[in-house]
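Enquirer: Single-letter residue listing:
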Amino acid sequence: MARISAGIGSSHVPAIGAALDGGRTAHPDWAPIFSGYEWTRKWVAEHPPDVVILVYNDHASAFSLDVVPTFALGCADSFAPADEGWGPRRVPVVPGHSRLAWHIATSVVLDEFDLTIMNEMKVDHGLTVPLSLVFGQPAEWPVKVIPLAVNVIQYPTPTANRCFRLGEAIARAVRSFPEDLDVQVWGTGGMSHQLAGERAGLINREWDTRFLDQLTADPEALRTMSHEEYIREAGSEGMELIMWLTMRGALGPKARELRRFYHVPASNTAVGHLVLSPEA
Amino acid sequence: MTPQAFQDIPGTYVFTGERAIEGRQLNRFCMSLMSAPNRARFRADERAYLDEWTMTEAQKQAVVNRDFRALLEQGGNIFFVLKIAAVDGRPTQSVAASFAGQSTEEYAAMMRSGGRNPAGLKSISGRF
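Chains A and B, in that order, are what the protein sequence lines are.
FYI, this note's numbering numbers position 97 of the first sequence as 104, with every residue one higher than the one before it.
FYI, this note's numbering numbers position 96 of the second sequence as 1411, with every residue one higher than the one before it.
The reader is advised that the hints may include incorrect statements.
What the hints assert, rightly or not - Sample of chain B residues at the chain A side, in silico, Cβ under 7 Å: (1) Ala1320; (2) Thr1331; (3) Phe1394; (4) Lys1398; (5) Pro1433; (6) Leu1436; (7) Ile1439.
Treat the hints as calculated values from the structure; they're not laboratory data.
No residue lacks a Cβ here, since even glycine has one placed at the ideal position from N, Cα and C.
The whole structure should be built from the sequences, with the hints applied where relevant.
Expert: See the structure below:
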């Protein structure tokens, strides 16, 4: 049977992808970030997943405001990098896992999570930057990816609790897939940041640290936290952190922190990173 | 439609349904810049390209002036208006800096020293 072996939380700052693609990984602005992921690169190489369910948000790339799905699951065989306004990132096309994706779609919809099924979708930095941070610059991605795009840029966004419960439903779906697959769930985005308005550049290290503590030990407070509080404390784009709750929900009641990394800044953003393992 | 609570957070735009209604055509224009041929046409004659869209004159002027604060005040979504900066080859940091009236250098220095401290910037009413 398929099983969820680990959860990874990671920021997906586009400038990190640009630094990697532009060969600036040794620049003092970027070197601490890439070295902060070295532990994880090694750990994932030793514990390679077959499939990553990658929870992220689209940034006006695959979705205009014509159609705004709250949750959209990528069921295609492959996902091409999107042109985000300056040409697509030169990274490999992302291979999908259609059969597991359709199984998840079927299971969670019958479980009353009505998500949108995507048979054709381009993926932007929200999805490809975490892949780059963990896998570097391979000729082909060494894993199949099921993208789960969450709307966090057009209010109303889903509640943190809804994201958590979707993670639980995804875990039930994965456990009932008959093939022997090692599946990781990644929650991406955040940490505290705000791109617009007079608070642009906001970083709340204290709040971020508490979020990282609570996500593993006691996610209850984060599940019930209001949108207002996420935005007030972590900035308007810090709202992305609700996507980490889906990862946490998929791991079950208890999880153990294997790795934590936190760094300020990457461009406008606090970078946060966790590797968690589910505990029986 | 707008949750009242968001209005208590200073200097922050939450892209609600009300903003989406106001910025519908502006954000559609921004999305059109995702295609390379459209970017080329916009660069060649900004005004002519803008006139293909049923945006308000004030929205068009804000695009021409690259006034990102005005764009957000008139219904622009940050991730859509950033497409205009991408056409200019302008980094996101420089747009972010413009909101707070900082130079890109000042803003970058602030970020390197830990970012903008949220103390005193959480609530207009003083509740937080």
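Enquirer: If a hint holds in the structure, say so; if it does not, say that too.
Expert: Hint check:
1. Here the hint on Ala1320(B) is kept, as its CB sits about 4 Å from the closest CB of chain A, short of 7 Å.
2. Restraint check, Thr1331(B) versus chain A: the minimum CB separation of about 5 Å is within 7 Å; hint holds.
3. Among the interface hints, the one on Phe1394(B) holds; its C-beta lies about 4 Å from the nearest C-beta in chain A, closer than the 7 Å criterion.
4. Interface restraint check for Lys1398(B): the shortest CB-CB distance to chain A comes to about 5 Å, inside 7 Å, so the restraint holds.
5. The beta carbon of Pro1433(B) comes within 5 Å of a beta carbon in chain A, closer than 7 Å, and the hint placing it at the interface holds.
6. Here the hint on Leu1436(B) is kept, as its CB sits about 5 Å from the closest CB of chain A, short of 7 Å.
7. With its C-beta approaching chain A no nearer than about 11 Å, Ile1439(B) sits outside the 7 Å limit, and its interface hint is violated.
The structure does not agree with numbered hint 7 stated previously, though it agrees with all others.
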